[in-house]
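Novice: Read off the chains here:
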Amino acid sequence: MRRTMAACSTVLLTVVSAACATSGQTETKQADQNAPQALSFWSTGGDDETATFQRAADLYHQKHPNVTIKVQTLAWSDAYAKLLAAATSRSGPDIISGGMTWTIQFGTRGAMVDLRKYGADSLKAQALPAQWESAISPDGSVYGVPLDMSTMALYYRTDLLEKAKIEPPKTWDELTAAIDKLKAAGVKKPYSQDWGNLDWIGYFNYLYQAGGSFYTADCKPSLDTPQAEQALKYWVDLYRKHGAPTATVEGSDALDTGTALVVAGNWIAKGIDVNKPKLKGKWAMTTIPAGPAGPTAFIGGRAIGVTSFSKYVQTGADFVTFMYSDEAIAAIADEAKKRNISYISPRPDKIVDGSVFTPEQAKVFEASIKTGKAAPGCPGWDESAPDVAKQLQSAILGKSDAKTALAEAAKVMARNAG
Amino acid sequence: MADIPMRSRLRRYGTSYAMLLPFLALFAGFLLWPLANSLYLSFTKFDGINPAVFTGLDNFVQLAQDARFRHALGNTALYVVGSVVLGTLLSLCLALAFNGTGWLHRIMRTVFFLPSVTSSIALMLMWKWVLFPSDVGLANTIVGWFGGNAVAWLATPALAIPILVLMSVWGGMGYGMVLYVAGLGSIPEEYYEAAKIDGASTWRQFRHITLPLLRPVTTYVVVTGLIGAFQVFEAVYIVFSTGANTVGGVLDSGLMIVPYLYDQGFTHFRLGYASAIAWVLFLIIFVLSLVNLRVGRAMKEL
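Sequence order for the protein chains is D and C.
Numbered by the UniProt record's numbering, the letters in the first sequence go through residues 1 to 418 in order.
Numbered by the UniProt record's numbering, the letters in the second sequence go through residues 1 to 302 in order.
Possibly wrong hints are sitting among the right ones.
[Said to hold, decoys possible] Chain C regions said to be covered by chain D (calculated; three or more residues, Cβ under 8 Å):
no. : segment
1   : 87-99
2   : 246-260
[Unchecked claim] Only part of the chain C face toward chain D is listed, based on derived beta-carbon distances under 7 Å:
no. : residue
3   : Phe43
4   : Thr44
5   : Asp135
6   : Val136
7   : Ala139
8   : Val143
9   : Gly147
None of these hints come from the bench; they were simulated from the model.
Glycine included, each C-beta is placed from N, C-alpha and C at the ideal position.
Generate the whole structure from the sequences, applying the supplied hints.
Specialist: Set out below in structure tokens:
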């Protein structure tokens, strides 16, 4: 019995860490603006990305010698939990960056500052409208603003397309025709999707390209439409009829192991030549194929915001605004170039000008972003997204038909919309 | 004890109590307080940031109707049965095969024990690499040698539980083996000699001497295996996560109770609900461990 008790106590010790949290909010006392200020900025991503933002922070320090901003890396895998722990204990970073909708999640619960009070809504004019809309909270609060941008491209193997005597596909019909021709030419792996495979992000492109959307303009779920069904049927066929793999293979690995057409994020563009030297000269990229309603691509990115428990809210907000200045973007892009990172600024006018990409690549991303749409900023979307993904998976894996899957997904979205 | 006056008891045991104080303080601060707090939170709606709101039994009622929780529970049950049964059997087989004192046996025991002393995060990252899709992963490379097509190991729902069981058994059987080897060493040799004189076959010796005398070890291996299996986390979180905020893999095929608890608490801000899950898990393990020990004792009395 004693052993059972001891063992069970161990179980509890492990699982009740959820309870080690305190509650209660207090207004954080703001520090004197002229005294030396040391701010910490928790940046979700890799160490190389941290270094690029540190360059901007150092530039800010040059202009405001009393302010020092230290950028620290949070790995994508545990950033969210660490930020939640910081918000719960109301201690930690002054500035945070992470997934586009994270700041809304923390902000609606009182852990982020509404940057409108500090004039950050003026940045709207410089940001990409689709991305800005995604970053603002349903009630209009600006808890975070886009820090960078990500989008998708169709990467392709020039040698394999030559072998099948085809051009990179520009439409849905051309895509399926290209897959057939590649197969006929002996290419075993004609197509795969790196970003959003079996997930709502992957479906997002097809949905909007067919003229559909996740929600209507007034945030009513809109997945039970003929457009959404047409998109899902086409997407499901890519897997079931045309053999797209259900397992996600990282884009450059897919190209390296003989996949001819790969839909992947912009972040692999700079690394392919370095990580897969054998692919040098054998790959290129273009915009993802357009659907019957046009060429929409998904736009993602990170948001940056200021925590409500920071002692330096005013300075934090000023730094966030500074990140949109020409000089800050130039400094980040310069560091990104040195470190071979595929950085895209949150300002659409800076995608080609001062880009870290080759002119051809920059043009592809610019075209993709021009037609881009970002994740819906509707109430309940974050909660619904995993369930929507599951419904899409059940259609892809043949456990339900497109119409039923979409109706179920719409039901979940309606329930979570409150 | 009861009739000794308080003052004299204090005088006699005061130093001992004082020496126990640091431990008691840590025990209270890091175990009792979080336990009590989590029990309280399981009756509240708490997002981690705003103050908790008392909601009575709401979380538990909701849990009973939560299809995803039932799915996680079902998956966990399958996984626990698979990993405990197979793990215990293989531990015993390994112990029987390598319980000698020769160098070969020692090396084999070390080899099988290694995963138990390796960081589980490192092991899971290794598995992720083994099961990597396309031709890049080791498993698919081997499939390729035999002319097979690449398998989507982690994106095929039917394979999720078998893969998790395989990872658990592979990682845990060395530990069970060591316990069984110790158990085998404690069985007096005379029993076997007597049985041999009576003409008992090897199987009968195993069936009537080895197995019954290993019962305490078996109970220990099963109970600790059960507790470990119910708490499976890293395997799901590292190997089956498909994005920054999703657990459980394709169609939740690998979703287990603790990863679900994590998902609810740390990605959906439902710390009250997560605490309720923790307490349900505690009750399940508590009852199963009790049953197990009772069965073990009852069998001993037979």
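Novice: Against each hint, give a clear statement of whether it holds in the structure.
Specialist: Comparing the hints with the structure gives:
no.	hint	verdict
1	87-99	violated (count 0)
2	246-260	holds (count 5)
3	Phe43	violated, 12 Å
4	Thr44	violated, 10 Å
5	Asp135	holds, 5 Å
6	Val136	holds, 5 Å
7	Ala139	violated, 11 Å
8	Val143	violated, 13 Å
9	Gly147	violated, 13 Å
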